[in-house]
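Undergrad: Given the sequences, and given the hints that come with them, work out the whole structure.
Residue numbers (my numbering), protein chains in the order written: chain A, 1 to 223; chain B, 224 to 446.
In short, the hints are calculated from the structure, not lab data. Hints should not be assumed to be uniformly reliable.
[Claimed, not checked] Anything over 12 Å on all C-beta distances counts as not near chain A; from chain B, calculated: (1) P241; (2) W274; (3) T318; (4) I384.
[Claimed, not checked] Chain B is faced by these chain A residues, among others (derived, beta-carbon under 8 Å): (5) P68; (6) S79; (7) S179; (8) Y191; (9) F192.
Quick reminder that beta carbons are idealized off the backbone N, C-alpha and C, glycines included.
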Amino acid sequence: MNYVFQFNVVWEHLPELLAGALLTIQLSATAMALGLGVAIVCAYGQSAGPRPVRALISGYVELIRNTPFLVQIFIFYFSLPVIGIRLTANGAALAAMTINLGAYASEIIRAGIEAIPRGQVEAARALGLKPLQTFRLIIIFPAIKTVYPALASQFILLMLSSSVVSTISAVELTAITNSLQSTTFRSFEFYFVATGLYLAMALGFKAALSTIYWAVFQRGRAA
Amino acid sequence: MGRSFGFDEFLYLLLAIPWTLLLSLGAMIGGGILGLVIAVLRVSPYRPLRWLTTGYIELFQGTPVLMQLFVVYYGLAVLFNLQVAPWPAVLLAFTLYSGAFLGEIWRGSIQAIPRPQWEAAECLTLSYPKQLWYVILPQAARISIPPTVGFAVQLIKTTSIAAIIGFVELTRAGQLMTNTTFKPMIIYPIVAGLYFMMCWPLSLLAQRLERRIDATLGVKRHF
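TA: So this is what it looks like as structure tokens:
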């Protein structure tokens, strides 16, 4: 092995890498919030909607879960402009991430809803709550609480797969690493450090998600 | 205007499918061997081995596949002075990746085997390797089939990422066709459809196997 590692060039460009990491964090956090919203709506539709709505939602879920994220991004960024929907790179990335997470998360939440004892729902109906009220007040919180670990790891998977949006020139961490390594010829060093940054972000998100769990489900709530 | 999208272009996409499948199969076999070693070490009585394999799993599940691909691709060049074609690097990266996921899945299956099975095997004076090989692994293998099939779906989708470093499989073929025909609205949905046709049957199979195994084990599944 006669290769000399030069990490100092990486440290010189650390601010740019961190700026990329920040965009990764922003994109992921926004997609997590929006995707969770999509997932909850879908989960409600699947548990209480009429048959065509349920069929539509499971079609969406199966379609997303059985195609690669990369192809989904290409469709959002390259295909949609043909029919007049033009998104910026970041917009397309966010849309693809939201739609992707929405499908996976709705499947997870549905499992949580199925774990709610029937008696709870029957009691809610007996008290005169409407379906939406039952869902909002009785079902959704304990359902999400039950499946929270699965949901959290899906969120982290989403953050990791966001590296793929570099292919449509959204300038997050991977894209910045790509352009830096091509101008400095220090590919291995840059990718090595970027991988470390992703690992740190994964651990950071894990910690943040546990904090959210504690703040939402544990504190002052006897659930 | 470029070429129009006709039968020849469609055939080009179809002919890329074997590459996607070969890559997935290769990574599944390589990752299967690696994963088995990892799973067994992960539950071994020796603490350093458990730490080592836990670290490996955390590392590969906590960083993006794309980064793993880049690090392996450029790492081979830098560390061993090997200027390799994309395919061995891609295959190696996906093998390391599936090793981590399969290792974690199979660890779960091994640990799902009730403790008395180990004790009974020990009472029969079987050595540790024999307890594992003759008593635990055959039972664990049965439980592990549905999640393993589920992982195969994940792997097929993930191999699309090889397109980014220029390996010509289905997604890359789609990109190349788009570049010559300028028909992203036709091509990417077709590519997505082809992936769907590969993944959807496997997803259904995984679901069905899971239900059957639950039924034979008498598991009352809430999810």
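Undergrad: All the hints need checking, so say for each whether the structure fits it.
TA: Structure-based check of each hint:
Distance to chain A confirms P241(B) as a non-interface residue, since its nearest Cβ pair spans about 17 Å, more than 12 Å. A cut-off of 12 Å between C-beta atoms confirms that W274(B) is not in contact with chain A; the least separation is 17 Å. Look at T318(B): its CB is around 17 Å from the nearest CB on chain A, clear of 12 Å, so calling it non-interface holds up. Not every beta carbon of chain A lies more than 12 Å from that of I384(B), the smallest distance being close to 6 Å; the non-interface claim is violated.
Given the 8 Å rule on beta carbons, the hint for P68(A) holds: about 4 Å separates it from the nearest Cβ of chain B. At its closest, the beta carbon of S79(A) sits 4 Å from a beta carbon of chain B; the interface hint therefore holds under the 8 Å criterion. Violation of the interface hint for S179(A) is found here, the shortest Cβ-Cβ separation to chain B being roughly 13 Å, above the 8 Å cut-off. With a cut of 8 Å, the hint placing Y191(A) at the interface with chain B holds, because the nearest CB-to-CB distance is about 4 Å.
Residue-level restraint check for F192(A) holds (minimum Cβ-Cβ distance to chain B is 6 Å; threshold 8 Å).
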